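Number of protein chains: 2
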Amino acid sequence: MPVRSERTYAISELAREFGVTARALRFYEDKGLLTPLRDGQARVYRGRDRVRLQLILRGKRVGLSLQEIKDILDLYDLGDGQRAQMQVALKKFKARIVALEAQKRDILHAIESLKEGIAFLEGRLAAPASPEGVAAARAFEKEARRRLGEGG
Amino acid sequence: MPVRSERTYAISELAREFGVTARALRFYEDKGLLTPLRDGQARVYRGRDRVRLQLILRGKRVGLSLQEIKDILDLYDLGDGQRAQMQVALKKFKARIVALEAQKRDILHAIESLKEGIAFLEGRLAAPASPEGVAAARAFEKEARRRLGEGG
DNA sequence: AAGTCGCTTGACGTAAACGTCAAGCTTAAG
DNA sequence: CTTAAGCTTGACGTTTACGTCAAGCGACTT
Numbered sequence: 001m002p003v004r005s006e007r008t009y010a011i012s013e014l015a016r017e018f019g020v021t022a023r024a025l026r027f028y029e030d031k032g033l034l035t036p037l038r039d040g041q042a043r044v045y046r047g048r049d050r051v052r053l054q055l056i057l058r059g060k061r062v063g064l065s066l067q068e069i070k071d072i073l074d075l076y077d078l079g080d081g082q083r084a085q086m087q088v089a090l091k092k093f094k095a096r097i098v099a100l101e102a103q104k105r106d107i108l109h110a111i112e113s114l115k116e117g118i119a120f121l122e123g124r125l126a127a128p129a130s131p132e133g134v135a136a137a138r139a140f141e142k143e144a145r146r147r148l149g150e151g152g
Numbered sequence: 001m002p003v004r005s006e007r008t009y010a011i012s013e014l015a016r017e018f019g020v021t022a023r024a025l026r027f028y029e030d031k032g033l034l035t036p037l038r039d040g041q042a043r044v045y046r047g048r049d050r051v052r053l054q055l056i057l058r059g060k061r062v063g064l065s066l067q068e069i070k071d072i073l074d075l076y077d078l079g080d081g082q083r084a085q086m087q088v089a090l091k092k093f094k095a096r097i098v099a100l101e102a103q104k105r106d107i108l109h110a111i112e113s114l115k116e117g118i119a120f121l122e123g124r125l126a127a128p129a130s131p132e133g134v135a136a137a138r139a140f141e142k143e144a145r146r147r148l149g150e151g152g
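Listed in order, the protein sequences are those of chains A and B.
The opening residue of the first sequence carries number 1 in our numbering; numbering runs sequentially from there.
The opening residue of the second sequence carries number 1 in our numbering; numbering runs sequentially from there.
Be careful, since some hints might not be right.
Pairs count within a copy or across copies, as identical chains cannot be separated in the list.
[Claimed, not checked] In the SDA-like style, the derived pairs of lysine to any residue whose C-alpha atoms are separated by at most 25 angstroms in a straight line are: (1) Lys91 to Glu112; (2) Lys92 to Gly123; (3) Lys91 to Arg105; (4) Lys115 to Ala102; (5) Lys70 to His109; (6) Lys91 to Asp74; (7) Lys115 to Ala84; (8) Lys104 to Glu17; (9) Lys94 to Arg83; (10) Lys115 to Leu75; (11) Lys92 to Leu57; (12) Lys92 to Asp77; (13) Lys115 to Asp74; (14) Lys94 to Arg61; (15) Lys31 to Leu114; (16) Lys94 to Phe18; (17) Lys92 to Arg61; (18) Lys91 to Ile111; (19) Lys91 to Lys115; (20) Lys91 to Glu116; (21) Lys104 to Gln67; (22) Lys91 to Gln54; (23) Lys60 to Met86; (24) Lys115 to Leu78; (25) Lys70 to Ser12; (26) Lys94 to Gly123; (27) Lys60 to Val98; (28) Lys60 to Ala95.
In short, the hints are calculated from the structure, not lab data.
Fair warning: this is a prediction, and the values are worked out from it, not measured in the lab.
Let the sequences and hints guide you as you build the complete structure.
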């Protein structure tokens, strides 16, 4: 099989593709999350970097800090000797999953709240100062209180 | 019915209950997200503030900025006159729901990635440098590539 | 040769979300 | 009366994640 050299990307290409700035890519490199090759002084990104960037951005979207993301990425570079670090990482991963599952619940709550907000708004837009609008508003507040376990 | 005066909270009480600092509560007030009463100069938080704080923290956990949260909270104080703002808010809410649903997917992805990471780690911990460990590592990388639609 | 593009490395700036004092008021306890 | 606890308002500091120049290099075009 031929060693068909992998497709590579210039910094601006990769940036455009992922909707980030070149500055951000350099920043990630600075922080040790990306390690592109060099052609002279220009950075050359491979598929590997593209994969990593994808993971970085996904991590960011779920609220991980760059440092946390780096910890995760670094993990796969750990040698067989560092069992201690692996144990530590394992605990962190499990804790992170618990946190993410809580976050998932938060998101579902938020979506519900927003949908209630939409109902509230649409009610008021349909019939200004109408009983329905007021009712929707009261329902929303009541619901919020119920979730906090408060009296009406 | 008696006007049984609602239970109130001192700043440190509310802070402790929600696991935030008093400074944070003052900060939220500064930004217009909370409006506690005053007893002399001391802040007095009511159930209303407690509800709002709950929404604030939940919003934060799903990645909303304080400004965005404020926009949402303010909405329920809009008069019947401001139909334009309500229309704007309605669009924002709907867009936000779409974003949150994307975020939910990200979280599910992240959880999966972490579980793969855990499998990877546990494999290596169980049998250092074993074929299984290597296999898990390769599987993980391959999976990441597959998601990006790349060739192996 | 001169200009333009895209890239580079600093270096300084910035917004968000608080943390961390400092200095002073107030209220209950000793 | 003074001490302590808990509150207040500034005001400055900090971290994260970049944005925004400035100045210069290298390749290509005109």
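Hints versus structure:
1. Lys91 to Glu112: between (32 angstroms within a copy, 16 angstroms between copies)
2. Lys92 to Gly123: Intra 46 angstroms, inter 16 angstroms, cutoff 25 angstroms: inter-copy only.
3. Lys91 to Arg105: both (22 angstroms within a copy, 24 angstroms between copies)
4. Lys115 to Ala102: Intra 20 angstroms, inter 16 angstroms, cutoff 25 angstroms: intra and inter.
5. Lys70 to His109: between (30 angstroms within a copy, 17 angstroms between copies)
6. Lys91 to Asp74: within (15 angstroms within a copy, 41 angstroms between copies)
7. Lys115 to Ala84: between (46 angstroms within a copy, 19 angstroms between copies)
8. Lys104 to Glu17: For Lys104 and Glu17, only the inter-copy Cα distance (22 angstroms) is at most 25 angstroms; the intra-copy one is 28 angstroms.
9. Lys94 to Arg83: Classified as within; 16 angstroms inside a copy, 47 angstroms across copies.
10. Lys115 to Leu75: between (40 angstroms within a copy, 14 angstroms between copies)
11. Lys92 to Leu57: Answer is both: 20 angstroms inside a copy and 23 angstroms across each meet the 25 angstroms cutoff.
12. Lys92 to Asp77: Within one copy, since 17 angstroms is at most 25 angstroms while 42 angstroms is not.
13. Lys115 to Asp74: The answer is between: 16 angstroms across copies meets 25 angstroms, while 40 angstroms in one copy does not.
14. Lys94 to Arg61: Answer is both: 19 angstroms inside a copy and 19 angstroms across each meet the 25 angstroms cutoff.
15. Lys31 to Leu114: between (36 angstroms within a copy, 21 angstroms between copies)
16. Lys94 to Phe18: between (29 angstroms within a copy, 24 angstroms between copies)
17. Lys92 to Arg61: both (19 angstroms within a copy, 19 angstroms between copies)
18. Lys91 to Ile111: between (30 angstroms within a copy, 14 angstroms between copies)
19. Lys91 to Lys115: Only across copies: Lys91 and Lys115 sit 12 angstroms apart there, 36 angstroms inside one copy, limit 25 angstroms.
20. Lys91 to Glu116: between (38 angstroms within a copy, 14 angstroms between copies)
21. Lys104 to Gln67: both (22 angstroms within a copy, 22 angstroms between copies)
22. Lys91 to Gln54: within (24 angstroms within a copy, 29 angstroms between copies)
23. Lys60 to Met86: within (23 angstroms within a copy, 31 angstroms between copies)
24. Lys115 to Leu78: Between copies, since 17 angstroms is at most 25 angstroms while 45 angstroms is not.
25. Lys70 to Ser12: within (22 angstroms within a copy, 36 angstroms between copies)
26. Lys94 to Gly123: between (44 angstroms within a copy, 15 angstroms between copies)
27. Lys60 to Val98: Classified as both: same-chain Cα gap 17 angstroms, cross-chain 18 angstroms, threshold 25 angstroms.
28. Lys60 to Ala95: The answer is both: 17 angstroms in one copy and 19 angstroms across copies each meet 25 angstroms.
Every hint, counting from the list given before, is met by this structure.
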